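Peer 1: Assemble chain D onto chain P, guided by the hints.
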Amino acid sequence: METLQIAEKIKERFPEEVLDVKEFRGQVSATLKKDRILEICRYLHDEPELYFDYLIDVCGVDCLGKKEKRFEVVYHLYSIKHRHAIRLKAEVEEKDASIDSVMPVWVGVNWHERECFDMYGIIFKGHPDLRRILLPEDWEGYPLRKDYPVMGPEKEWSGFLTVLDKAKRFREFEWHE
Amino acid sequence: MEDIEKPFETRELTINLGPQHPATHGVLRLVLNLDGETVVKCTPYVGYLHRGVEKLGENRTYFAALPLSDRLDYISSMNNNVGYVNAVEKLFGIEAPERAKFIRTIVAEMSRLSSHIIWLGTHVLDIGATTPFLHAMAQRERLLDLFEMLCGARLTVSYPRVGGVRNDISQEFLDKLYEFILEFPDRMDDYETLVTENRIWKDRTVGVGVISAEEAVNWGLTGGTLRGSGVDYDVRKYAPYDAYDKVEFDIPIGKNGDCYDRYVVRVEEMRQANRIIKQCIEKLPAGPVMADSPKFTLPSKDMVLKDMEHLIHQFILITKGPTVPEGEVYMGTEVPKGELGFYFISDGTGRPYRMRVRAPSFIHASVLPRLSEGGLVADVIANIGTIDIVLGECDR
Chain P
1 METLQIAEKI
11 KERFPEEVLD
21 VKEFRGQVSA
31 TLKKDRILEI
41 CRYLHDEPEL
51 YFDYLIDVCG
61 VDCLGKKEKR
71 FEVVYHLYSI
81 KHRHAIRLKA
91 EVEEKDASID
101 SVMPVWVGVN
111 WHERECFDMY
121 GIIFKGHPDL
131 RRILLPEDWE
141 GYPLRKDYPV
151 MGPEKEWSGF
161 LTVLDKAKRF
171 REFEWHE
Chain D
1 MEDIEKPFET
11 RELTINLGPQ
21 HPATHGVLRL
31 VLNLDGETVV
41 KCTPYVGYLH
51 RGVEKLGENR
61 TYFAALPLSD
71 RLDYISSMNN
81 NVGYVNAVEK
91 LFGIEAPERA
101 KFIRTIVAEM
111 SRLSSHIIWL
121 GTHVLDIGAT
131 TPFLHAMAQR
141 ERLLDLFEML
151 CGARLTVSYP
161 RVGGVRNDIS
171 QEFLDKLYEF
181 ILEFPDRMDD
191 YETLVTENRI
201 WKDRTVGVGV
211 ISAEEAVNWG
221 LTGGTLRGSG
231 VDYDVRKYAP
241 YDAYDKVEFD
251 IPIGKNGDCY
261 DRYVVRVEEM
271 RQANRIIKQC
281 IEKLPAGPVM
291 ADSPKFTLPS
301 KDMVLKDMEH
311 LIHQFILITK
321 GPTVPEGEVY
331 MGTEVPKGEL
341 GFYFISDGTG
351 RPYRMRVRAP
361 SFIHASVLPR
371 LSEGGLVADV
381 IANIGTIDIV
391 LGECDR
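Sequence lines, in order, name chains P and D. Per our numbering, residue 1 is the first one in the first sequence, and the count goes up by one each step. Per our numbering, residue 1 is the first one in the second sequence, and the count goes up by one each step.
So that you can see chain P by itself, here it is in the shape it has in the complex (with noise of 0.2 Å):
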């Protein structure tokens, strides 16, 4: 099926949801409001004219003073059967940054929505293990918004901290007869 025509089915069963659909260099992402994204997906994966059986990618973006709703989570799908392929954005805000998991829907979805969490604070709902994953338990701040800086936070990492005490007090080490 044509890319466009997916877009124009999603629209036709879930009209309220779908806010934009945009097509650049022949693929097409389609905007979607977060609250149904849930049963969205379930539908896109579940009816046997779309099959979307293979959820390849899920990551956020931060239109830090882009666009009124700061996250964006975005989704992309691919159908080994029928070959086909689609963008699904969904707006999230700031103040309520939290949207559905479709960890019901896609199993291997689980670290993806780690990393975004990890990288960018946005809560999935009713993920089974929803922790730090690629940085450690008690790092603070989420490194990949856009107000995050480059090099790093002025405070050092607790745990590096703890290190570098150690490396400085093994130096400071003398060896007694």
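With a Cα cut of at most 20 Å, we get these calculated PhoX-like pairs of lysine-lysine: (1) K55/D <-> K66/P; (2) K90/D <-> K22/P; (3) K255/D <-> K81/P; (4) K155/P <-> K55/D; (5) K146/P <-> K55/D; (6) K146/P <-> K67/P; (7) K69/P <-> K125/P; (8) K81/P <-> K237/D.
Bear in mind the hints are in silico, worked out from the structure with no lab data behind them. Predicted, not measured: the structure shown is a model, and the values here were computed from it.
Peer 2: Same frame as chain P, now just chain D:
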């Protein structure tokens, strides 16, 4: 044994596998809850190699972020470069010339061979066979020498460029490569004699870490890990890039989705890679190796040294970056580990607004608990080897 009325009192044991463990292929840490020899629960911890590649990429121009992709999957950096430049070219709306496409296909398949050789060597080494490792590494050395001949670097190559490749390949290189290609199938036969029908190897891998086709797709597995379960999804066939639509090759698939099938698939993939390189060398067209679109590609070095206009042109492209149309592009390529995707959002400046790396190793590491739970501790090692992860790519 009948004398014992009460069985031994047993309790669950928690052990830590990694991050410093030779069988984890990097810095992967697994916390295993064991009941005797059986794994009850397996929790992977990743992130020890996190360098913030995505954040760094957002703060560099499209040209300057290319070397970052080398450092993802550091044993097949050529494939990562090819994936990166293909995604950027799609965003720019340019196309590399035919000769460059063929060269990229050749080097990508060479890199696939060298990566699979490492996988074969270490995977069988983990399970107990030392000999194939030593022999396989010797062949990899030859491939790395060829890379050195081509671009001066062995591992972090950065050879493909946006719009083509860095330099043309020499006849000497082609001759040496062709010699290697003719010889390699015999070497493969040697390894297969040692492993494929080996009784111990089969005992350790058949029926271990089984995952069905449907489940594998639902988990988002790609590459050899998915094809071992019997799904013929391969980006090179489904959405051909570079010269893959101009060469003939087969996609080997497994049946049972266990460690053994994944092994058979990858070994066959090496033979197919060999076949692709051979065809590419034979069909290699003549012509330029860099696209002629001055807005997006760097001028050649000798022109920069001779001519003022070209110098200015290079200076502006390097410092400001090209002016890119606003939009977003996702492009997946088949790397030895699976599907490596780059997702760019452009806001019209010379730097990507968002650069996302879809790393296959990240997903494959997440499936470890599913494969390992309920099995034996020794099978965890087989499972780590069979999903073929590189932690540099997993942690980005």
